[in-house]
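Undergrad: Put together the whole structure using the sequences plus the hints.
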Amino acid sequence: MALTIIFAVIEVCTFGLTTVWFALAALVMVFLSSLNITLPFQLLIFLALSALMLFFTRPLAIKKLKVGKEKTNIDSLVGMHALVTRTISEFEKGEVKLNGQSWSARAEDNSTVPEGTKCEVVKIEGVQAIVRPLSQTRQDSDTQTS
Numbered sequence: 001m002a003l004t005i006i007f008a009v010i011e012v013c014t015f016g017l018t019t020v021w022f023a024l025a026a027l028v029m030v031f032l033s034s035l036n037i038t039l040p041f042q043l044l045i046f047l048a049l050s051a052l053m054l055f056f057t058r059p060l061a062i063k064k065l066k067v068g069k070e071k072t073n074i075d076s077l078v079g080m081h082a083l084v085t086r087t088i089s090e091f092e093k094g095e096v097k098l099n100g101q102s103w104s105a106r107a108e109d110n111s112t113v114p115e116g117t118k119c120e121v122v123k124i125e126g127v128q129a130i131v132r133p134l135s136q137t138r139q140d141s142d143t144q145t146s
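So the sequence shown is numbered by my numbering: it starts at 1 and just counts up by one.
Careful: at least some of the hints might be erroneous.
DSSO-like cross-link-like pairs, simulated, lysine-lysine; straight-line CA separation at most 30 angstroms [stated by the list, open to error]:
#1 123 x 63
#2 118 x 93
#3 123 x 97
#4 123 x 64
#5 93 x 123
#6 118 x 97
Calculated directly from the structure, the hints in this document are not laboratory data.
TA: Set out below in structure tokens:
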């Protein structure tokens, strides 16, 4: 029971989703200890339960709880529209105006994107925007709605 409490306290302090599995295995062992099982075999069961829960359920819990992945302001730029202010080519980075700031940029497919083209930000890599030119029909509809 002491191990259950110790591992639970450690988990509460770290939020790493690691020691919680040891706490759960220790809790199971509280009930199994009432059986006449020798200490070495109890330790083996504890370690096996902990390892199984850690390797099989931790990835699922992390995915569901989204632990360790914090969204930043940069993530909000993906999907926004940008205007090419310096031509982007296959061999040279260009520049886009995005959210009122200038960003170095390259095309997603390494194509040439002329100055004045509206683009969509596909992702941000470091301090560089990866963009995709908007289709001509989409650009026309954007200018009509503005």
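Undergrad: Flag every earlier hint the structure violates by its number, smallest first.
TA: Of the numbered hints, all hold.
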